[in-house]
Amino acid sequence: MNKTMKFGVVVFPGSNCDYDTFHVLQNVRQQETVFLWHKDSDLQNVDCVVLPGGFSYGDYLRSGAIARFSPIMAAVKKFAKAGGLVLGICNGFQILQEAGLLPGAMLRNKNLKFLCQHVYIRIDNSQTAFSRAGRKNQVLNIPIAHFDGNFYAPPEMLSELERKNQIVFRYCDEQGQLTEEANLNGSLHHIAGVINEAGNVLGMMPHPERASEKILGSDDGQVIFESIINYLEKKTGKGRKEARQKVKPVVSPLPPLIGNL
Amino acid sequence: MIDDKTLSNHNLTRDEYNLIVKLIGREPNLTELGIFSVMWSEHCGYKSSKVYLKKFPTRGKYLIQGPGENAGVMDIGDGLAVVFKIESHNHPSYIEPYQGAATGVGGILRDIFTMGARPVAVLDSLRFGPLDQPKNRSVAEGVVSGIAGYGNAFGVPTVGGEVYFHPCYSQNPLVNVCCVGLAEKDKLFFARAQGVGNAVIYVGAKTGRDGIHGATMASAEFGKDTEQKRPNVQVGDPFKEKLLLEACLESMAKGLIIGIQDMGAAGLTCSTTEMAAKADTGMEINLDLVPQREEGMNPYEIMLSESQERMLIVTSQDKVKPLQAIFSKWDLEAVVIGKVTDDGQLKAYFQGELVIDIPVKAVVDLCPVYRRPVEVPAVVRKLVRFKVPGMPPDLDLNQVFLQLVASPDIADKHWVFRQYDHMVQINTIVLPGADAAVLRLKGMKKGLAMTLDGNSLYAYLNPKRGGEIAVAEACRNLACVGAVPMGVTNCLNFGNPEKPEIMWQFKETVEGIARACRQFDIPVTGGNVSFYNETEGQAVYPTPVLGIVGLVDDVATIPSAGFVGERESIILLGENKEELGGSEYLRLVYEEEKGNPPQLDFELEKGVQEVCRQAIKQKLVRTAHDLSEGGLAVGLAECSIKSKKGLGFEVRLNDQIRTDALLFGESQSRIILVAKEKNVGKILALARKMKVKARVIGKTGGKKMVIWHRKKKVVEQPVELVRDAFKNSIPGYFRV
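As given, the protein sequences belong to chains Y and E, one line each in that order. Just so you know, we're using our numbering here: the first sequence kicks off at 1 and counts up by one. Just so you know, we're using our numbering here: the second sequence kicks off at 262 and counts up by one.
Worth flagging that the hints you see were computed from the coordinates, not collected in a lab. What you are looking at is a predicted structure, and each value in this text was computed from that prediction instead of being measured. Careful: at least some of the hints might be erroneous.
As the list claims (entries may be wrong) - Taking lysine to any residue and the SDA-like style, the derived pairs with C-alpha atoms no more than 25 Å apart in a straight line are: (1) K706/E x P255/Y; (2) K906/E x S218/Y; (3) K988/E x L184/Y; (4) K113/Y x N397/E; (5) K906/E x G176/Y; (6) K214/Y x D814/E; (7) K706/E x D220/Y; (8) K906/E x L178/Y; (9) K906/E x D220/Y; (10) K113/Y x G403/E; (11) K113/Y x V424/E; (12) K113/Y x F426/E; (13) K322/E x L254/Y; (14) K580/E x L257/Y; (15) K703/E x E213/Y; (16) K880/E x S218/Y; (17) K988/E x L115/Y; (18) K903/E x T179/Y; (19) K3/Y x G704/E; (20) K214/Y x K906/E; (21) K467/E x G58/Y; (22) K214/Y x G694/E; (23) K988/E x Q177/Y; (24) K582/E x W37/Y; (25) K590/E x A65/Y; (26) K674/E x S218/Y; (27) K903/E x Q175/Y; (28) K110/Y x R679/E; (29) K590/E x W37/Y.
Using the sequences and the hints, build the whole thing.
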C-alpha cells in the first residue's frame with residue numbers, strides 16, 4: 001500500500017492555528033500529519049514542515065523574534081538548507097523572516113489595527129512547489145488575521161524579489177487588480193507571500209487552512225496544499241490517488257493533546 | 262475593635278461586622294476582615310440580587326449544570342457538552358479600557374476551561390457613550406483593542422455580540438463578555454476540594470499587588486508602610502493564559518486533577534474558601550509558598566490580589582509530580598501550597614504564624630441577603646404614557662430611512678469585528694454581523710448557535726417587558742439560523758441597588774426574563790449581576806444582556822443573512838402593528854425616548870420562531886432575518902446590504918397603519934423569510950398550520966430598495982448608497 005506524504009506542524013508556545021492546520025492536512029487532505037514540539041529537534045522524517053499561525057511566545061517582542069531560537073528551529077533550518085519544503089503561515093511567515101529563511105520584515109498594518117477578514121490574493125508565480133496547482137493570475141479568496149502583516153523590504157531587495165519571481169502571492173481585488181484598497185495592510189508591492197531563492201521555503205500572511213472547506217466560505221486555500229502534495233508525490237514517488245482516499249479519519253470536534261512529555 | 266472608617270473602607274456595615282464576629286466567635290483580624298469584605302461584596306455575594314435571581318427557571322431538557330458552578334453546562338448529545346457563561350468587566354474598562362476589557366476576556370475564559378472545556382467562542386456586548394465625543398471614542402478604541410489583544414493571542418474566535426451607544430454609558434461603559442466552551446460530557450471538572458489530605462496546588466502566574474480591591478485597600482492603618490498602591494486594574498497576559506489552558510486540559514485528560522477553580526475576583530480567597538465549602542472540607546495553606554512577583558507582600562495582599570492567569574488545583578499526593586511535569590512542559594509553575602483538611606476552616610500560615618482561621622461556610626454561604634426597598638420611578642411612569650404625535654407633514658421618510666441605517670446602533674459593526682480574530686479554530690460558519698453566530702462541530706452534522714441580546718431603552722421604559730423582549734429576541738435570532746434554544750446566561754447591568762428606583766428596575770427586569778425563559782422552556786444556567794454602574798448620580802439604563810446558546814441539527818440547512826437570488830419571494834412572518842414607543846425612529850426623528858415598548862405575545866412569538874425553524878429544516882429558506890431596531894424597512898435593507906450580489910428589493914404593503922410605524926415600528930415577533938417561488942406555498946402552509954400570519958410582501962432583485970405603502974412609493978434608494986451609509990457610519994467617527 002502506498003503511503004501518503006508526511007507533514008509536521010510545529011507547535012510553539014502560543015501557536016494557535018496548529019490544530020487548524022493539522023485538521024486540514026490530516027482530516028481534509030488525508031495526509032499523515034504529526035505535531036512537532038518546539039523543544040524537540042527531531043523532525044520525525046516529515047516531507048514538509050508547516051509553521052502555523054498564532055502568537056509564539058506571546059509575540060511581546062517582535063512577532064516571531066523569540067521562536068527562532070527554539071530547538072526545533074535549528075532542525076527546520078537544516079531541513080530547509082537540505083531542500084526540504086517549509087511553509088510558514090502568518091506567524092509562521094514572521095518566524096521564517098526572523099530566522100533568516102525568508103527576506104523582508106513585517107511592519108504594523110497601515111491602519112494600526114488587527115485585521116481579520118476575507119481578502120483576495122493573486123497567484124503571481126504558479127511554478128512553485130506551493131502554487132503549481134493554481135494558474136498564473138488566478139485569484140484566491142483566503143482570509144487574513146494579523147496585526148503585523150505589512151511587508152517591508154529595502155528597494156534593492158524588492159527589485160531582486162521581483163526579478164527572481166519570488167513574489168508568489170499579492171493582495172488584489174476580486175478581479176485580480178492591484179488596487180490600493182485591496183492592499184489592506186499596506187504591504188510593499190502588495191506582497192502577501194514570498195518564496196526563498198531556492199524555491200523550497202514559502203511564507204504567506206493569509207491563512208489557507210481557514211479556506212480549505214466549502215462550509216467555511218471558501219476552499220481556495222486547497223490550491224496551496226494540493227500544490228505541495230502534488231510536488232512531493234512527484235519528487236518522492238510516495239502517495240497515489242488511492243492512498244489519499246483511504247478510510248475517512250474519525251474527526252473529533254475537540255483537538256487532541258499536543259506535544260510529548 | 263475595628264473602627265467605622267475601616268469598615269466603610271471595606272464596604273461593610275456595622276451589622277454585617279457584628280455578624281462576622283458572631284460567626285467566627287471573635288473579632289476578625291484585618292486580613293480576615295478583608296476576606297469577608299470581598300466575599301460578601303455585591304460582586305461575589307449577590308446580596309441585593311439573590312432574592313430575585315431565585316425566580317429564574319433552572320431546569321431544562323438539555324441541562325447538565327445550572328447556577329452555582331463556574332459556568333452552566335448543556336448536553337448536546339454524542340457525549341459532548343457545551344459550557345458557557347457571561348461576565349461583566351464594566352468598572353475596570355472605564356478606568357483602563359484596554360486592560361479592563363482584556364482581563365474581562367481572560368477571566369471568562371478561565372471560568373470555562375476550569376470546568377474542563379476548551380473555549381471555542383467569545384461574544385461580547387459593549388455599550389459606549391456617543392461616538393461624537395473624543396473620550397467615548399478613546400474608551401471604545403481601548404475596549405475593542407483590549408478584547409482583540411487578549412482573545413486573538415489566546416486563540417479563541419470572537420464570533421459575535423452587540424454594540425450600542427447612549428449618553429448614559431459615557432461615564433459607565435459596559436463590557437460584558439460571554440464565552441462558550443466544548444467538553445466531553447463525562448469529563449467535567451468542578452470547584453471542589455475533595456479528599457482530606459489531598460494537595461492544594463497553585464498554578465500559573467505569580468501573585469502581585471495588582472487588582473487588590475480598591476475599596477478594601479484604602480485604609481489608613483493598613484496603608485502607612487506599604488509602598489504606593491498599584492492601580493486597581495489588573496494586567497492581562499494572554500500568552501500565559503493559553504499555556505495555562507493547555508496545561509490544565511492536558512492534566513485533566515490524564516486524570517491528574519480532582520478539583521479546580523480559577524482565581525478571578527477575590528483571587529486566592531475565593532478559590533480556597535469556595536472549593537472547601539462546596540466539598541464540605543477545610544483547607545490549610547502556607548502563604549510563604551505562594552509564588553510572588555514582588556517582595557514584602559503581606560497576608561492581606563496575598564489573599565486579596567487579583568493577579569490574572571492563576572488557578573487552584575486539588576489532587577491526590579501521588580499525582581503531584583506528574584502534574585508538575587505537565588506544567589513544567591508548558592513552562593508554568595505548579596506549587597503545593599497546602600492540603601485539604603476536615604475541620605471546615607480555612608487556615609493560613611504566614612512566616613510560621615497562623616494568620617487566618619475562619620469557617621469557610623460562613624464566608625461562602627452565610628453572606629447576608631437583603632430585600633431592598635423598591636419604588637416605581639415617577640419619571641418612567643410618565644414616559645410610558647407618552648402618545649406619539651402625528652407625523653410631521655414635511656417629513657421625508659425616504660431620507661429618514663437612510664438616517665436610520667446610518668445610526669450607530671444599527672449601522673455596520675465591521676470596524677469592531679474585523680479587529681477580532683473571528684475565524685481561528687476554523688469552526689465559524691456564520692460570521693459576525695448575522696442574527697446569530699454559528700460554529701460547526703468538526704466531523705458532525707450539527708452545530709452550535711449563539712447570540713447576545715438586550716435593548717436598554719425598552720428596559721428603561723418598561724423593565725419587565727424589556728427583560729421579556731431580550732429573551733424573545735435572542736431566541737428569534739437563533740431561530741433565524743434554524744437553532745433550538747438550549748439555555749441562558751445573563752448579565753444584568755444596573756445602577757446603585759440601594760436606590761429603590763434602581764431596585765425596582767432590577768426586580769421587574771428579572772421577573773420579565775424569568776417569565777420569558779419559562780415560556781421558551783429554557784433554564785438560566787448562571788450569569789452575573791453588575792450593580793453600581795453609576796457615576797455622579799447618573800445611572801446606566803437598566804441593561805440586561807441575554808446570552809443564549811442553541812443547537813442546529815444540520816448546519817447545511819442554515820440560510821444566508823442576505824438576499825441570495827434575483828426574483829425570490831420575500832415573506833413576512835408575524836404582524837406589523839402601530840407601535841413606535843421606545844423605537845430608534847422616535848429617538849432619531851422626534852428626539853424622544855418615550856412611549857411603551859412594543860407588546861410581546863408569547864404564543865405568536867413561539868409560533869413565528871417555530872415556522873422559521875421548520876421551514877429552514879425543510880430547506881425551503883434562502884434568507885432569514887429577524888426584525889428589531891429600525892423595524893421592517895431597516896430589516897429589509899440589512900438583507901440587501903448583506904447580499905453578496907448587492908440585490909435590492911421591491912415590497913408592497915397595504916397595512917392600515919401609519920406609514921412611519923409600518924416602516925420603522927419595532928413590533929415584535931416578526932421574521933423575514935426569502936424563498937424561491939416554488940417553495941412559497943409550502944412555507945405559507947406551514948404558517949397556516951401553526952396559526953401564524955404570513956404573507957408574501959415582495960420580491961428580491963434590482964439595484965434599488967423600494968417600498969410601497971397603499972400605492973404610494975415611500976422608500977426608494979439605490980442599494981449602493983444605503984450600503985455606504987451603513988458601512989461608513991462607525992468608521993467615519995474614527996477617521997480623524
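Status of the hints after comparison with the structure:
Under the criterion of a C-alpha separation no larger than 25 Å, the hint pairing K706/E with P255/Y is consistent with the structure, at around 17 Å. Taking the CA atoms of K906/E and S218/Y, the gap is near 16 Å; set against the 25 Å cutoff, the hint holds. In summary, the hint linking K988/E to L184/Y is supported, as the alpha carbons are separated by about 16 Å, within the 25 Å threshold. Restraint check: the Cα-Cα separation between K113/Y and N397/E comes to about 18 Å, which is no more than 25 Å; the hinted pair holds.
Our distance criterion of 25 Å between C-alpha atoms is met by K906/E and G176/Y, whose separation comes to about 18 Å. Using a Cα cut-off of 25 Å, the hinted pair K214/Y and D814/E holds, with the two alpha carbons roughly 19 Å apart. A hinted pair counts as satisfied when its Cα atoms are at most 25 Å apart, and K706/E with D220/Y qualifies at roughly 22 Å. Annotation: proposed proximity of K906/E to L178/Y holds, straight-line Cα distance about 22 Å (limit 25 Å).
With a C-alpha separation of about 20 Å, the suggested pair K906/E and D220/Y falls inside the 25 Å cut-off, and the hint holds. Among the hinted pairs, K113/Y with G403/E is consistent with the structure: their alpha-carbon atoms are about 11 Å apart, no more than 25 Å. Between K113/Y and V424/E the CA atoms are separated by roughly 18 Å; this keeps the pair inside 25 Å, and the hint holds. Annotation: proposed proximity of K113/Y to F426/E holds, straight-line Cα distance about 22 Å (limit 25 Å).
Taking the CA atoms of K322/E and L254/Y, the gap is about 24 Å. The hint holds against a cut of 25 Å. For the hint pairing K580/E with L257/Y, the CA-to-CA distance comes to about 19 Å; that is within 25 Å, so the pair holds. A threshold of 25 Å between alpha carbons decides the hint, and for K703/E with E213/Y the separation of about 11 Å falls inside it, so the pair holds. In summary, the hint linking K880/E to S218/Y is supported, as the alpha carbons are separated by about 21 Å, within the 25 Å threshold.
With a C-alpha separation of about 16 Å, the suggested pairing of K988/E with L115/Y holds against the 25 Å cut-off. For the hint linking K903/E to T179/Y, the alpha-carbon distance of about 23 Å falls within 25 Å, and the restraint holds. Restraint check for K3/Y and G704/E: satisfied, since their Cα atoms lie roughly 24 Å apart, inside the 25 Å limit. This hinted pair checks out: K214/Y and K906/E have alpha carbons roughly 19 Å apart, not beyond 25 Å.
Between the alpha carbons of K467/E and G58/Y the distance comes to roughly 17 Å, so the proposed pair stays at or under 25 Å and holds. At roughly 20 Å between alpha-carbon atoms, K214/Y and G694/E fall within 25 Å of each other, so this suggested pair holds. At roughly 23 Å between alpha-carbon atoms, K988/E and Q177/Y fall within 25 Å of each other, so this suggested pair holds. Among the hinted pairs, K582/E with W37/Y is consistent with the structure: their alpha-carbon atoms are about 22 Å apart, no more than 25 Å.
For a cut-off of 25 Å, the pair hint linking K590/E to A65/Y stands: about 21 Å separates their Cα positions. Using a Cα cut-off of 25 Å, the hinted pair K674/E and S218/Y holds, with the two alpha carbons roughly 23 Å apart. With a CA separation close to 20 Å, the supplied pair K903/E and Q175/Y stays within the 25 Å bound. A hinted pair counts as satisfied when its Cα atoms are at most 25 Å apart, and K110/Y with R679/E qualifies at roughly 14 Å.
Among the hinted pairs, K590/E with W37/Y is consistent with the structure: their alpha-carbon atoms are about 10 Å apart, no more than 25 Å.
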